[in-house]
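Participant: Given next are the chains, with one letter for each unit.
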Amino acid sequence: GQQVMQIPQYQHVQEGEDFTTYCNSSTTLSNIQWYKQRPGGHPVFLIQLVKSGEVKKQKRLTFQFGEAKKNSSLHITATQTTDVGTYFCAGPRGNKLVFGAGTILRVKS
Amino acid sequence: DVKVTQSSRYLVKRTGEKVFLECVQDMDHENMFWYRQDPGLGLRLIYFSYDVKMKEKGDIPEGYSVSREKKERFSLILESASTNQTSMYLCASSALAGETDTQYFGPGTRLTVL
Numbered sequence: 062g063q064q065v066m067q068i069p070q071y072q073h074v075q076e077g078e079d080f081t082t083y084c085n086s087s088t089t090l091s092n093i094q095w096y097k098q099r100p101g102g103h104p105v106f107l108i109q110l111v112k113s114g115e116v117k118k119q120k121r122l123t124f125q126f127g128e129a130k131k132n133s134s135l136h137i138t139a140t141q142t143t144d145v146g147t148y149f150c151a152g153p154r155g156n157k158l159v160f161g162a163g164t165i166l167r168v169k170s
Numbered sequence: 870d871v872k873v874t875q876s877s878r879y880l881v882k883r884t885g886e887k888v889f890l891e892c893v894q895d896m897d898h899e900n901m902f903w904y905r906q907d908p909g910l911g912l913r914l915i916y917f918s919y920d921v922k923m924k925e926k927g928d929i930p931e932g933y934s935v936s937r938e939k940k941e942r943f944s945l946i947l948e949s950a951s952t953n954q955t956s957m958y959l960c961a962s963s964a965l966a967g968e969t970d971t972q973y974f975g976p977g978t979r980l981t982v983l
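Going down the list, the protein sequences come from chains B and P.
According to this note's numbering, the first sequence is numbered sequentially starting from 62.
According to this note's numbering, the second sequence is numbered sequentially starting from 870.
By construction, these hints were calculated from the structure, which means they are not laboratory data.
The hints are all genuine.
Taking lysine to any residue pairs in the SDA-like style, the calculated list, with each CA pair at most 25 Å apart, reads:
hint	chain 1	residue 1	chain 2	residue 2
1	B	Lys97	P	Pro976
2	P	Lys939	P	Ala964
3	P	Lys872	P	Ser936
4	P	Lys887	P	Glu931
5	P	Lys940	B	Arg154
6	P	Lys872	B	Pro153
7	P	Lys926	P	Arg913
8	P	Lys926	B	Phe106
9	P	Lys872	B	His103
10	B	Lys97	P	Leu965
11	P	Lys924	B	Phe106
12	B	Lys97	P	Arg878
13	B	Lys131	B	Gln98
14	B	Lys117	B	His136
15	B	Lys97	B	Ala139
16	P	Lys922	P	Thr971
17	B	Lys97	P	Thr874
18	B	Lys97	P	Val893
Treat the numbers as computed from the prediction; the structure is a model and nothing was measured.
Generate the whole structure from the sequences, applying the supplied hints.
Facilitator: Here you go:
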């Protein structure tokens, strides 16, 4: 069945450094969603990408959807302590979502 | 704002007990979902429902059942709890039936089975 792989599993960065998490699907996706889960919290929707090669920005966060619509990335520029948490990508399968395992981001101040 | 609430934040049960986890959403959403979250495994779908009294198995339905008698409420049932069901359980809802839409999550229930 369709799988969504996400790497790295864990990243610990110094405050001010950049961070990137990558998401790869075994099949072409109609869209991809990204969620953030703060420590002790629940996943919260960040963004959805639909078009091939699409790039969207939210302040220091840049989201990309690959040309083949099988991969995506989330890049954070100059991380801050407020960025800590787990970032999940998710792709559709029928009327459900398949989530990646998530990337845990820790930021050292 | 969409609000998804879950009946308990923390729950401790004994092996063999019947456990009910309740989820309520207040936005008239069609779809509701139950996931479990375990370290390194992400969010795994247990069951979902796209309409009242309608349900479909997710990726890991074994040991669980669900009930959706009213549109706003989706219950997850552990018929006979086992220690390997110790986990964080997350409920979610989304607006549109038959389409992939943004999912709104509840705060989660951390279940410990002793």
